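Student: Chain residues, written in single-letter form:
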Amino acid sequence: MNGEPLVRWDWLFAHLGPIADRVGQHLYLAAIAVSVGFAISFALAALSIRRRKLYPFVTVLATAAYTIPSFAMFAALVAITGLSVFTAEIPLILYTIVLFVPNIVAGFDSVPWDVLDAADGMGYTSGQRWWRVELPLAVPLVVAGLRLASVSTIGLVTVSAILGDSFGGLGYYILDGYHRHFTTEILVGGLLSIGLAVIADLGFVLLQRLLTPWAARRAVGG
Amino acid sequence: MSSLGPPAGYTGAARSLGAASRTGAAALEFRGVTKRYGRGEQAHGAVNDLSFEIPSGAICVLVGPSGCGKTTSLKMVNRLIEPTAGEILLDGVNVLTEDVTALRRRIGYVIQQVGLFPHLTVGRNVAVVPALVGWSKERQWVRADELLSLVGLDPASYRSRYPYQLSGGERQRVGVARALAADPPLMLMDEPFAAVDPIVRERLQDEFLRLQRDLAKTILFVTHDIDEAIKMGDFVAVMEEGGRLAQFGPPDEILAHPASDFVARFVGADRGLKRLSLVTIADLELAPLAASARAGLPTFSPSTKLRDALSVLLAADSRGGVALDEEGQPRGLVTVDAIASALAEDRHAATAASAATTGVSGAAGDAKVAAAGGDS
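As they're listed, the protein sequences go chains A and B.
Residues in the first sequence are numbered consecutively from 535, following the numbering used here.
Residues in the second sequence are numbered consecutively from 7, following the numbering used here.
I should point out that these hints are in silico values taken from the structure, not numbers from a laboratory.
For clarity, every value in this text was computed on a predicted model and none was experimentally measured.
Quick reminder that beta carbons are idealized off the backbone N, C-alpha and C, glycines included.
One or more of the hints may lead you astray.
To be verified - Facing chain B, a subset of chain A residues (Cβ under 7 angstroms, in silico): (1) W545; (2) D651; (3) A652; (4) G657; (5) S660; (6) E668; (7) L744.
Model the full structure from these sequences, guided by the hints.
Tutor: Quick look at the structure:
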C-alpha cells in the first residue's frame with residue numbers, strides 16, 4: 535500500500551482520545567442491545583416455559599429475525615425510525631433473542647426434578663421456589679447465553695457504522711479506513727473490537743465463578 | 007401393653023409411645039383414602055380406599071411392588087398429590103383443610119434422590135425450613151450444627167461444603183438432617199436409603215433406628231424392599247397392585263400370618279427365617295449350661311439376631327452355642343431346637359400383638375394426650 539507501514543503509530547498516538555470515545559460508544563451500543571435483548575428474551579423464555587406449545591413459535595420467529603441481513607434491516611429501519619439510536623439498536627436487540635431464549639429455557643429446564651420435589655415438599659411457596667431455587671440454579675446456562683450474546687453483539691455493533699459517523703463504535707474506523715485505504719484505522723477498529731469481545735467474555739466467566747461457587751468444576755471421587 | 011410380653015416388631019411402638027411426649031410426635035391416620043387418575047371410563051385407581059392408623063412415635067413402612075401406589079400414598083400426606091376421596095388425619099386434623107405451605111413446613115420430607123439444593127452449603131441446606139419459617143440466622147446455624155452432629159457429620163468440616171463435595175451416603179445423612187431441622191412431628195421418607203450401596207444402606211438404617219429411639223418421630227416410610235420394611239417398621243403396610251392395602255400389622259405378624267397368597271409371595275418363602283431376624287439372643291429362653299461343656303462352642307452377644315445365630319450353628323455343625331451377657335459372661339446354652347421353639351412361641355406372641363393392633367387407636371389417643379401435655 536504505497537509503501538506505507540502497516541501501522542502508523544504516529545496516527546494512533548495522535549488519536550487516542552477519539553479512539554477512547556469510540557470504545558465508549560461501542561460498549562454503550564452493545565450494552566443497550568444486550569440488556570434490552572436480555573429483558574425481552576427473559577420474558578419470552580418465561581412464557582415458553584409456562585406454555586410449552588409457544589416455545590417452537592418463539593424459536594422460529596427469533597431464528598427468522600436472525601436470518602435477516604443486518605444491512606437490509608438497517609436500510610429498512612431508516613425509513614421508519616430515521617437515523618436514530620433505535621435504528622442501530624433494533625437489529626442488534628433482535629439478533630440477541632435467538633441466542634438468549636434457548637439458553638434461558640435450558641437453564642430452567644436443567645434444574646433437577648428431585649430438587650424441585652424437595653423444595654415443594656419442604657414448603658417453599660411457588661415464588662420462593664422460583665427466586666431461591668430455580669433462578670440460582672439456572673444461572674450457569676443463563677450466563678452462557680450472556681457470553682454468546684455479548685460477544686456476538688460487540689462484533690455486530692461495527693456494522694451500524696453504515697448509519698453514519700454517530701454510530702458504529704469502533705466500526706467507524708473500519709469503515710473510514712476502508713474508504714481511505716488506511717490500514718491502521720482498519721486494524722485499530724477490528725482488533726479493539728475483538729479485544730472488547732474477549733474482555734466481555736472473560737468478565738462473564740468471572741461473574742459466573744462468583745455467582746456459582748457451588749458448581750462442580752471437576753469430577754470429585756467417591 | 008407390657009402384659010403382652012415382648013412381641014417382636016411391636017416393641018418399637020411400645021417404646022416410642024412413652025417418648026412421644028418429649029418430642030411431640032403426631033398420630034397419622036388414613037381414612038378411606040383414594041386417588042384416581044383420569045375420568046369416567048378411563049379412570050384408574052392409583053390408591054384405593056386406604057385405611058390404617060399409625061400411633062405417634064411409630065415407624066410405619068409402606069411396602070409393595072412398583073406401581074402399587076405407595077409413593078402416591080406418601081405424597082398425599084403433604085399434599086404434593088391431592089387425594090380424590092378420603093381423609094388423612096394428622097393428630098386428628100384433616101390435612102386437606104390446612105394451609106398447604108404451613109402443613110409441609112411441619113412435615114419432614116426425605117426422598118431417594120435426596121434433592122439437596124446444589125447451590126447451598128450443607129449448613130444452609132439443613133437450615134432451609136428454619137429459614138422459611140423465619141428463625142434468626144444464629145438459631146439456624148446452631149440448629150444446623152446440632153443436626154449435622156446428630157447424623158454423624160462433623161459440623162466444622164461439613165457445614166461449608168457444597169453437595170457436590172459429598173458421597174452418596176453423606177448426602178443422604180444431610181437429607182435426613184434437613185428433614186429433622188424444624189423438629190417436625192411427622193416424617194415422610196420415600197425410599198431414603200435406596201440410592202446407596204448395600205453396606206452404606208445397612209449402616210444408615212442402623213443409625214436411623216438408633217436416632218429414632220431418642221427422637222420418636224412418627225414416620226411414614228416407603229420402600230419396595232421387604233427386608234428393609236421388616237427391619238425398619240413398627241408396622242408394615244403391604245400394598246398390592248391397584249393401590250389396595252393387602253395387610254397391615256407388626257412385621258412379625260405379617261411374616262407369621264400372611265393374609266393372602268399375594269402377601270405370602272411378596273414376603274418370600276423364607277419368611278420363617280426373616281422372622282428370626284426380628285428376635286435377638288437376649289429374647290431367647292436358654293438352657294442351663296455346664297461350665298465344662300463350654301469349650302469350643304461359638305459364642306453370641308445379646309444383640310445377635312436369631313437368624314445369624316442359627317446360621318452360625320448350622321455352619322459350625324455345632325449342637326449349641328454360648329449366649330453371653332452384656333459383660334461377656336456366659337449366660338446359657340443356645341441350641342437349634344431352642345431357636346426353632348422360639349419361632350413357635352413367637353407366633354403365639356404375634357397373635358397377641360395382632361389383637362393389640364386393633365386397640366392401637368386407644369394407644370395413639372393416649373400418646374396424643376401425653377404429647378399435648380408435653381408441648382404446653
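Student: Looking at the structure, which of the earlier hints fail to hold?
Tutor: Checked against the structure, the hints that fail are numbers 1, 5, 6 and 7, while the rest are satisfied.
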